[in-house]
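Chains as they are written, first to last, in the numbering used here: chain A, 1 to 572; chain B, 1 to 192; chain C, 1 to 141.
Since the hints were made in silico from the structure, they are not lab data.
Predicted, not measured: the structure shown is a model, and the values here were computed from it.
Ideal Cβ placement from N, Cα and C applies to all residues, glycine included.
Some clues are possibly wrong.
Below, simulated DSS-like cross-link-like pairs (lysine-lysine); rule was C-alpha separation at most 25 Å, straight line [claimed, not checked]:
no., chain 1, residue 1, chain 2, residue 2
1, B, 20, C, 106
2, C, 46, B, 192
3, A, 510, A, 25
4, A, 205, B, 91
5, A, 298, C, 78
6, B, 94, C, 46
7, B, 90, C, 18
8, C, 46, B, 91
9, B, 160, B, 94
Example chain B residues on the side facing chain A (calculated, C-beta under 7 Å, incomplete) [claimed, not checked]:
no., residue
10, 13
11, 21
12, 22
13, 36
14, 37
15, 40
16, 42
17, 48
18, 56
19, 120
20, 122
21, 125
22, 128
23, 131
24, 153
Which chain B residues stay away from chain A? Per the calculated CB distances, all over 10 Å, these [stated by the list, open to error]:
no., residue
25, 14
26, 17
27, 115
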Amino acid sequence: MAEAGTAVKTPHAHDTHHEQSFVSKYIFSTDHKIIGMQYMFTGIVMALIGGYMSYAFRMQLAFPGQSVPGYGVVSQGEYNALVTNHGTIMIFWVAMPMLIAAFGNYLIPLMIGADDMVFPRINRLSYQIFLISALILIASFFVPGGGFGGAWTAYPPLSANAQYNLTPLGATFWLVAVALEFVAFLLGGINFITTLMNSRAPGMKMHDIPMVLWFIVIASVLFMASVGPLIAGAVMLFMDQVIGTGFFDPDRGGDPILWQHLFWFFGHPEVYVVLLPAMGIVAEIICTFSRKKLFNYKLILYTAFATGIISFFVWAHHQFVAGIDPRMANVFTITTLIISIPIAEMLFLYIATLYGGSIRLTTPMLWALSFIAEFLIGGITGIFLGASGSDIYFHDTYFVLAHFHYTFFPIAIIGFFAGITYWFPKIFGKMMNERLGKIHFWGTIISFNLIFIPLFILGAAGQHRRIYNFQNFPDLAGLQDLRVLATSALLVMLVFQAVFLFNFVTSLIKGKPAGKNPWKANTLEWTAESPPPHGNWPELPNCYRGPYEYSVPGRDEDYWPQDVPPDTAPAE
Amino acid sequence: MSMTKPIATTRSATGIPTGKLAVWWVIGSEIVIFGGLLASYILHRIGHPEWAEYASHTNTWFGAANTFVLLTSSLFAVLAHHAAEHGDGKKAAKWLLGTCGGGLLFLCIKAVEWTGEIQHGYTITANGFWQFYYTAAGLHALHVIAGCIIMLIIANEARKNVELHRVELIGIYWHFVDIVWIFLFPLLYIAK
Amino acid sequence: MAEHQSHADDHGQAHYVKIWAVLLVLLILSVLGPIVAPHVAFGFLKAWMITLMTAFGIAVVKAYLVAANFMHLNVEKKYISYLLATMLTLMLLFFAGTAPDVMEHKGQNWENVAAKAEVDQALESQNEAKAHGGDHGEAHH
Numbered sequence: 001m002a003e004a005g006t007a008v009k010t011p012h013a014h015d016t017h018h019e020q021s022f023v024s025k026y027i028f029s030t031d032h033k034i035i036g037m038q039y040m041f042t043g044i045v046m047a048l049i050g051g052y053m054s055y056a057f058r059m060q061l062a063f064p065g066q067s068v069p070g071y072g073v074v075s076q077g078e079y080n081a082l083v084t085n086h087g088t089i090m091i092f093w094v095a096m097p098m099l100i101a102a103f104g105n106y107l108i109p110l111m112i113g114a115d116d117m118v119f120p121r122i123n124r125l126s127y128q129i130f131l132i133s134a135l136i137l138i139a140s141f142f143v144p145g146g147g148f149g150g151a152w153t154a155y156p157p158l159s160a161n162a163q164y165n166l167t168p169l170g171a172t173f174w175l176v177a178v179a180l181e182f183v184a185f186l187l188g189g190i191n192f193i194t195t196l197m198n199s200r201a202p203g204m205k206m207h208d209i210p211m212v213l214w215f216i217v218i219a220s221v222l223f224m225a226s227v228g229p230l231i232a233g234a235v236m237l238f239m240d241q242v243i244g245t246g247f248f249d250p251d252r253g254g255d256p257i258l259w260q261h262l263f264w265f266f267g268h269p270e271v272y273v274v275l276l277p278a279m280g281i282v283a284e285i286i287c288t289f290s291r292k293k294l295f296n297y298k299l300i301l302y303t304a305f306a307t308g309i310i311s312f313f314v315w316a317h318h319q320f321v322a323g324i325d326p327r328m329a330n331v332f333t334i335t336t337l338i339i340s341i342p343i344a345e346m347l348f349l350y351i352a353t354l355y356g357g358s359i360r361l362t363t364p365m366l367w368a369l370s371f372i373a374e375f376l377i378g379g380i381t382g383i384f385l386g387a388s389g390s391d392i393y394f395h396d397t398y399f400v401l402a403h404f405h406y407t408f409f410p411i412a413i414i415g416f417f418a419g420i421t422y423w424f425p426k427i428f429g430k431m432m433n434e435r436l437g438k439i440h441f442w443g444t445i446i447s448f449n450l451i452f453i454p455l456f457i458l459g460a461a462g463q464h465r466r467i468y469n470f471q472n473f474p475d476l477a478g479l480q481d482l483r484v485l486a487t488s489a490l491l492v493m494l495v496f497q498a499v500f501l502f503n504f505v506t507s508l509i510k511g512k513p514a515g516k517n518p519w520k521a522n523t524l525e526w527t528a529e530s531p532p533p534h535g536n537w538p539e540l541p542n543c544y545r546g547p548y549e550y551s552v553p554g555r556d557e558d559y560w561p562q563d564v565p566p567d568t569a570p571a572e
Numbered sequence: 001m002s003m004t005k006p007i008a009t010t011r012s013a014t015g016i017p018t019g020k021l022a023v024w025w026v027i028g029s030e031i032v033i034f035g036g037l038l039a040s041y042i043l044h045r046i047g048h049p050e051w052a053e054y055a056s057h058t059n060t061w062f063g064a065a066n067t068f069v070l071l072t073s074s075l076f077a078v079l080a081h082h083a084a085e086h087g088d089g090k091k092a093a094k095w096l097l098g099t100c101g102g103g104l105l106f107l108c109i110k111a112v113e114w115t116g117e118i119q120h121g122y123t124i125t126a127n128g129f130w131q132f133y134y135t136a137a138g139l140h141a142l143h144v145i146a147g148c149i150i151m152l153i154i155a156n157e158a159r160k161n162v163e164l165h166r167v168e169l170i171g172i173y174w175h176f177v178d179i180v181w182i183f184l185f186p187l188l189y190i191a192k
Numbered sequence: 001m002a003e004h005q006s007h008a009d010d011h012g013q014a015h016y017v018k019i020w021a022v023l024l025v026l027l028i029l030s031v032l033g034p035i036v037a038p039h040v041a042f043g044f045l046k047a048w049m050i051t052l053m054t055a056f057g058i059a060v061v062k063a064y065l066v067a068a069n070f071m072h073l074n075v076e077k078k079y080i081s082y083l084l085a086t087m088l089t090l091m092l093l094f095f096a097g098t099a100p101d102v103m104e105h106k107g108q109n110w111e112n113v114a115a116k117a118e119v120d121q122a123l124e125s126q127n128e129a130k131a132h133g134g135d136h137g138e139a140h141h
């Protein structure tokens, strides 16, 4: 490693003499910050599309058969396509790009004191492939037959046979879009891993790395190690759809259960792929706004590694009632219950971090705290599903749906809002409006709970997933009030997102200038200009301490940035 | 847009240079892709005893010839790396062309083999064995093609003594493609 | 000096050529395996077991030789070997978790009727073909 104290000058700082065109600066950029923003804005657009889909199908559920304003009447086939693509979009084109690609791209070089990712052109290529995958998915809605309606899990034979799914073009477009998205994230993941290992500031040891970066890189590793079998499965499913092979057809020597195993071998680590970055973002925020060190950094890190490893051993809990061997179900129940322990432990460590801290309830802090509370509910309800006995009742009911929204919503939505409200000043150089931020927060959180608590109740009452009209079920028809409540809460939540968009745009235009370090945080990104120029710093910083040296006894300031040399007093 | 390479790439946690680290991670993810496909094949092959008869119609001599071609091309690839290590870009480029030639020969042999098999009615939709046969070998062949293309680009730079370290990197990828075939050969041609 | 250089070069190159020669020998052995196996089978060591051992055992050895010598894993940092070993272990894990459902066609309280029917029907038609096609059956492997 280079000696601490030898500052490295970046050549980019002297590039002011040639102006770049808009196209080369913003469209074909290789700058990690621009690419991060490209991912983020694509993710926001896809989130609006996915949210619109949930609006349409929830309106159908609450007011069956009636024309949905802004959509029309939802037919059975369209209902299937809406729920399928809502799930697919939210996981692959919202959660992953916003949490991993956007924040990962933006933060990794800045937080380790580097000028860019190690492979900037591959970085650009990965975004381009990602964008193409998003366009292919959107195109699938407009082909004859419409979008794929076989659920985001795409089980064959429904997903393999056009005579069953009635959307042959849509099914293939969907599959190709998902496969391309995987390729984009494989490329991106390699960039993240190698950059973190090989580009750190002089003096930054492994345990001086901010936790969010560790979590993003561990997530990338988990993704790379788990997606392979599903890519193989996607190739096989593609062949079944397009060429007419029988990989998943038992009459031709195949097995539909094979697809399920291939899918969930990836699908379970995937939820930790999205969870870890969100938890990382929360870790950064709670330290900054409680002015406290992260409680037991090494334990949290090793726990994250352990969680990642165990996540490969639990996948068939998604298949308890699919006809897997009961002896395997026993094995997977045990491993699934075991994995709840390290996650719970990490949440306890976060609470220990907050304990005794000087809490500032800024908007990012509110989001971070709500993540802990809501994810706790999601995690606890998972235990009923991880135990195969109770899962026999709960599988495929709305209980599952409410469980995974109580996990995915904190991950994708709360995690995103926490991150964007925290780093907006750095990314755009302006402060967001705190009052609007808090209004948006409370409006979103309260309505979120009012959507999904009714769904727990409905699930426990036996309401099945992927049904287009519950009036056809005499035992369930009477619970319509709960469905209307959930849909009404969704409408309220969607309206409140306008507050965020308004805040975002007006802050960009006339927000208060942020300065370099408005939150008085320690990590290296806060030592760059807001927004950082190309190359990030005129001279790359060195690192002298860990990232969470807050409230260190005997010092004037309650924070101690990583790049301040030890002998001198910190600059204001 | 200044395409200057990022400069903060000189530290290394593991002591492994950045490009090589990245290629090994690519290999890692390819292991699970081919691993998933081949594991699926093995599961079915063991569970379906009737596939033994289907598999008996593959031509071991074609398979062995292709194995010989790929092993030799791997030798050329490592000799290219050896030359690059000693700074001889021209020689490295020549060996890389030889490797690429091996890849093309592999593809030609495969084309002849598959033409014969398809004419005999052993198509991809014939039965479970053949669908795996064409899919696995086909995915492998796609990797051979991609490898050849990248290799030509790197050879072109190497003969001007530019970016010589990349000779090793494409070599690592090529050896991996060779190893996949080392396992495909017994799986598809010998286990009958 | 150039002579010394090329001498050292040749030494380096000779090593790789040696490995290649060993690989070719192994290839020949793996092709001979199924031909020779029926003649050396005895007792519980059946012909197909010998074939599989030669075929896959040799494949593992060949892969090791290529990985260690051509990919230079024998001198590379251990980190890479751990990474590769982890990926391979995950594949074994996937196989172990999926085999009871996909490789086996029956288990505790369940039976894969469709698969069983397909296998039975295919074996039956193969036996028929063998019985009727003895005149013009081919002897190729």
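Hint check results:
1. With a C-alpha separation of about 46 Å, the suggested pair residue 20(B) and residue 106(C) falls outside the 25 Å cut-off, and the hint is violated.
2. With a C-alpha separation of about 14 Å, the suggested pairing of residue 46(C) with residue 192(B) holds against the 25 Å cut-off.
3. Distance check on the hinted pair: residue 510(A) and residue 25(A) sit about 23 Å apart at the alpha-carbon level, within 25 Å; holds.
4. With a CA separation close to 41 Å, the supplied pair residue 205(A) and residue 91(B) exceeds the 25 Å bound.
5. For the suggested pair residue 298(A) and residue 78(C), the alpha carbons sit about 23 Å apart, so the restraint of at most 25 Å is met.
6. Taking the CA atoms of residue 94(B) and residue 46(C), the gap is near 48 Å; set against the 25 Å cutoff, the hint is violated.
7. The suggested pairing of residue 90(B) with residue 18(C) holds, with an alpha-carbon distance near 24 Å, which does not exceed 25 Å.
8. A C-alpha spacing of about 50 Å is found between residue 46(C) and residue 91(B), which places the hinted pair above 25 Å, so the restraint is violated.
9. For the suggested pair residue 160(B) and residue 94(B), the alpha carbons sit about 12 Å apart, so the restraint of at most 25 Å is met.
10. A distance limit of 7 Å between C-beta atoms decides the matter here; for residue 13(B) the minimum to chain A is near 4 Å, and the interface restraint holds.
11. Among the interface hints, the one on residue 21(B) holds; its C-beta lies about 5 Å from the nearest C-beta in chain A, closer than the 7 Å criterion.
12. Because the closest C-beta pair between residue 22(B) and chain A is about 5 Å apart, less than 7 Å, the hint holds.
13. Taking 7 Å as the C-beta contact cut-off toward chain A, the hint placing residue 36(B) at the interface holds, the least distance being around 3 Å.
14. With a least beta-carbon distance of about 4 Å to chain A, the hint placing residue 37(B) at the interface is held under the 7 Å criterion.
15. Taking 7 Å as the C-beta contact cut-off toward chain A, the hint placing residue 40(B) at the interface holds, the least distance being around 6 Å.
16. A distance limit of 7 Å between C-beta atoms decides the matter here; for residue 42(B) the minimum to chain A is near 12 Å, and the interface restraint is violated.
17. The beta carbon of residue 48(B) comes within 6 Å of a beta carbon in chain A, closer than 7 Å, and the hint placing it at the interface holds.
18. Because the beta carbon of residue 56(B) sits about 16 Å from the nearest beta carbon in chain A, more than 7 Å, this interface hint is broken.
19. Here the hint on residue 120(B) is broken, as its CB sits about 18 Å from the closest CB of chain A, past 7 Å.
20. Hint on residue 122(B) is violated. Least Cβ distance to chain A is approximately 13 Å, over the 7 Å limit.
21. Taken as an interface hint, residue 125(B) checks out: its beta carbon lies about 5 Å from the nearest beta carbon of chain A, inside 7 Å.
22. The restraint placing residue 128(B) at the interface with chain A holds, with a minimum CB-CB distance near 3 Å, inside the 7 Å limit.
23. The beta carbon of residue 131(B) is positioned within 7 Å of a beta carbon in chain A (closest approach about 4 Å), and the interface hint is therefore held.
24. This hint is violated: residue 153(B) has a C-beta 13 Å from the nearest C-beta of chain A, more than the 7 Å allowed.
25. Here residue 14(B) does not stay apart from chain A, with its beta-carbon only about 6 Å from theirs, under the 10 Å limit.
26. Distance check for residue 17(B) against chain A: the nearest CB is about 8 Å away, which does not clear 10 Å, and the non-interface claim fails.
27. Against the 10 Å criterion, residue 115(B) stays outside the reach of chain A, whose nearest CB is about 18 Å from its own CB.
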